[in-house]
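The sequence shown maps to residues 1 to 142 in full-length UniProt numbering.
The set of hints was computed from the structure by calculation and includes no laboratory data. Treat the numbers as computed from the prediction; the structure is a model and nothing was measured. Ideal placement from N, C-alpha and C gives every residue a C-beta, glycine not left out. Accuracy of the hints is not assured; some may be wrong.
Derived DEER-like restraints, expressed as beta-carbon distance ranges [said to hold, decoys possible]:
hint: 1; residue 1: A10; residue 2: N122; range: 28 to 38 angstroms
hint: 2; residue 1: H44; residue 2: A23; range: 14 to 24 angstroms
hint: 3; residue 1: N103; residue 2: G58; range: 10 to 20 angstroms
hint: 4; residue 1: R114; residue 2: A22; range: 10 to 20 angstroms
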Amino acid sequence: MNILIVEDEALLALELESELEAAGHRIVGQAMSSTEARALTDEHRPDFAFMDIHLLDGPTGIDVGRYLSAKGISYVFVTGNLKRIPADFAGAIGAIEKPYTMNGLENALSYIERFIRGERRNVIPPSLVPAPWLEQRFTGTG
């Protein structure tokens, strides 16, 4: 997958990039602000994005998430404060809570890859907090 990383903490972004590349993915860019995220999205049209909520220009990750969703690009929030995610998850598949483990990230990424390919009836790993719409539609609970 071609992946965009939107994260204002450079070390976390580099660590995530390293893990994703090791798993065989291509990173189309790293953005630290909403302006950078939108520009990279328009330029590279990623398949997927990892989105922090608080960026250099404030808590703008939710707005960028809505922008991605409007363009049909799937994403997950990666955040240390799940309570900041709106009830509708702003169109996100779900969230990965910081700090995360590499094993948890790998499990979430495996699920996300299958989701992007259209496989909708998979067990959601504990490391991925699913958006309510995802849990209801694709796990048979709703």
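Structure-based check of all given hints:
1. A10 x N122: 28 to 38 angstroms: 33 angstroms, holds
2. H44 x A23: 14 to 24 angstroms: 19 angstroms, holds
3. N103 x G58: 10 to 20 angstroms: At roughly 32 angstroms between Cβ atoms, G58 and N103 fall outside 10 to 20 angstroms, so the hint is violated.
4. R114 x A22: 10 to 20 angstroms: 19 angstroms, holds
Comparing the model with each numbered hint stated earlier shows that hint 3 is the single one that does not hold.
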